[in-house]
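Given the structure of chain A, go ahead and fit chain B onto it with the hints provided.
Take a look at the letters that make up each chain.
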Amino acid sequence: MKRQNVPQLLGALIVAFFVAFPFVYTGGNYDYIMHICIIGFFYAILASSWSMLAGYAGQFSFGHMAFMGLGAYTTALFCHYFFISPEPTGICTEFAIGGQYLIVKNPIGVTSTTLTQDCLAQAMEKWNGTVEVTRMPVWLGIILGTIVGGIFGLLIGLLVLRLRAAYLALFTLGFSEILRATISAEIQITRGQAGLELPSLFENGITIAGHFFSKTDKIPPYFVMFFLLLGCLAVLYWLSQSRFGLFVRALREDQDAAAALGVNTTRYKVLVFVVTSSMAALAGTVYGHYVTIITPNNLMILQMSLVVAMAVIAGVENFIAAAIGAILIEFMLEMLRTSFSIGGVTVDMTLWRLVFFGVLLMLTLRFARNGLLVPVIDFFTRGHVAAETVALRAAQSGRGSDDPAEAASQETRT
Amino acid sequence: MQYSSIFWWTMLWIVFWGVIGGIGTRRVYLRKDRDTSNATLGGSLIGAAFGPFGLAPLWWKSPEIGRVMITLSSLVVIGIIAVAFANADPENNCVSNGSFVASQITNGLIIGIIYGLMAMGLTLIFSILGIVSFAHGAFYMIGGMLVYYIVVVWFPGVHPLIGVLGSCSITFVLGALFERLFLTPMYDGRVERPVEYGILVTFGLSFTMTYLVAALAGFNPVKVKRFFDFPRIRLPDNSDPWLIKTSRGNMELFDTVSISNPRFIAAILSILVLLALLAFLHRTWTGKGLRAVSQDRDAAAITGINPNRMNMLAFALGCMVASLSGAVLVQAFSWLPIVGQIPEMRSFVIVVLGGLGSLPGAFVGGTLVGLVEAAGTGCVPNPQKASSYIPAYGMIILTLMLLLRPMGLFGRKFASGAHGKF
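So the protein lines, in turn, are chains A and B.
Note that the first sequence covers residues 1 to 414 in the numbering used here.
Note that the second sequence covers residues 1 to 422 in the numbering used here.
Next up, chain A with everything else stripped away, as it sits in the complex (with noise of 0.2 Å):
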């Protein structure tokens, strides 16, 4: 067997170990590991994406986890606001729609008095349930949020097109935390820190092949979210491997350089944002929905800083392995957690593991640049090519010749 050919076998393996896991595994904390792992590949979604972002094109945002609350934020307001109904309600703001009615909810925010606010809720009072009020489908309000995660890509991008390094972190940082502030300030809409509640990803259960789950089963959204996984992989691995991934890694060793040789650097800084962002925004959707609430706490640095130091740890100019640092990193966290203690001093994990992470992140970006993952996959890729320059090669077989021309002739040849 090549070595070049242990990635591809190994990338089957992790994958075809994913799919059978949720069938093999019986452990008694089955619920548990299902939600890590179902954790796990959103922060390898969110991870990847942002090694494209930063690690291909250059451009160190900080906003990623806001494009994620902007999408999670968008399913949820559309899921918790929009409703059809048979029947005109009279007292909400309402769209007739062939027969149907578009019931657009009033905000009250955060209140215990829902009966005498909310208007929906009155109107179903009164018809005592004799109408049947439906729910937006989620897959719609999917679908809204990855395309609202892409609509602000696409301005951030123009916006910071003139913005470099240490400016551009700023200013992403700034659009993160001006969005975070403002869904906690505006409570009667986004009900601020009490977070706005999702109807599941399969709200009324599903059968797949025979077998019914239930909304609160883990193995539909376990591979909701993992699917979404390998199709990001996908499209990030299509898009660096063609002409994109080219521009765009051209973008981040030299702008001038790229645009004075006829790159489009408008364009393709612009593109990257929006393609990663909107990816971000589809994570976050599902996320919410799977975790059915969401809060303005998910935008905070920290998670940011999760995001960040999963990609860096793994390898940042790599989104293969972003993605399994991130998957393995959840895993570590989940496990550290436990709290123990050394002769009557009890060691709060919960606490100590995050400060092992950052010493691991600070050290990873001291030592080993490239990450921890990426030196590995880069062994058995190209670690026969990249290492050795065509002089060296010529040196060693002993041929010694002077000529590159000739030398790289006989590369070519061999």
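No wet-lab data here; the hints were simulated from the structure.
C-beta atoms are modelled at their ideal positions from N, C-alpha and C, and glycine is treated no differently.
A portion of the hints provided could be inaccurate.
Unchecked claim - Covered stretches of chain B, going by a simulated chain A footprint (3 or more residues, C-beta under 8 Å): (1) 188 to 197; (2) 201 to 208; (3) 388 to 398.
Same frame as chain A, but now just chain B:
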């Protein structure tokens, strides 16, 4: 708000013409081959202030946009917003109550000085090393925590100022150590993209330090008693103290403005440190060396200054200044391991507003942000909303400034390193 539509329509008008001015003026100046460095900021300000009546002559004559023009039009913009607000909400506390306004302005200035001090550390680091330290808030938090531990836990009864000194020296050493261990690969090209490396590694440091302190000290808020008591002063005399009246924890000026002791002491200490810092930077050889490195690294190296040692000194000084602003504020606020996040964001806002790398800019930016926050807390009708929106005000300033004039109000283009790129 009573007539909120007045306010929002005015805002819409301002924003609309501001955007048109910002985009259009740059185009016009580019076509006429004039200096465009101020065109975006100046154009949008003039557009916002005078609408089409300002933009038409500006685009027709296209004069050089100088500092006077920018200052005047920004004052007009602030005036328009203030008048619109006063008309929209005549019963608001900060329209009808003069003493409240005076009190808010004074407190805004006082807290702004402390903000300015903290931002100065950040700008010092940026002007020499060319990186934005994301660990600034963590050092602020550690400064306050160390004062608490020295004064309350380790050596009870010791004078708070000794605690401040101790925390400063510890953070200075910490900063220097970190710089030696983690930032040195930036200088000799061992890192491909030094600016991003600096951001990420300080980010990691901030993360580590925050949770280390949380793990060691716990998440309970701590507080230090005020450092000094005010002496009892009544002027002009005891029966009629309208000029100045102090109690131990509070000072009242002109019967209207009340300033709390911890903030006042913190501001005084900040000003002292600021003066000392300025004297150090302008009067001593080392300080001059620091400024020389910030202007031109290579030229400074030729004259015999060791830029790498200056890097260490600048980073350590910057961290010390951050911890100092935490150390003087620990008497005013209760302290938690995550307390540094908001001041850190605020320092980013201030340095971007004043210009990354500009020391006076940091100070002016600090007072401006202090005033804006005071206005924001005092004037927004819904207090709950106002407190949630405070971090957003600063960030709006930051994003606007980055779009209109990335080098900030007092910024300059740097000659060397990664500074000039944005």
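Annotated coverage of the stretch 388 to 398 of chain B by chain A, confirmed only when three residues or more have a Cβ within 8 Å: With 8 residues closer than 8 Å to chain A, the stretch 388 to 398 of chain B meets the three-residue bar; holds.
Per the coverage rule (Cβ-Cβ under 8 Å, at least three residues), is the stretch 188 to 197 of chain B covered by chain A? Holds, because 6 residues of the stretch 188 to 197 of chain B bring their Cβ atoms closer than 8 Å to Cβ atoms of chain A.
Please check whether the stretch 201 to 208 of chain B has three or more residues whose CB lies within less than 8 Å of a CB on chain A. Per the Cβ count (6), the hint holds.
Consistency with the previously given hints is maintained throughout, with no hint failing.
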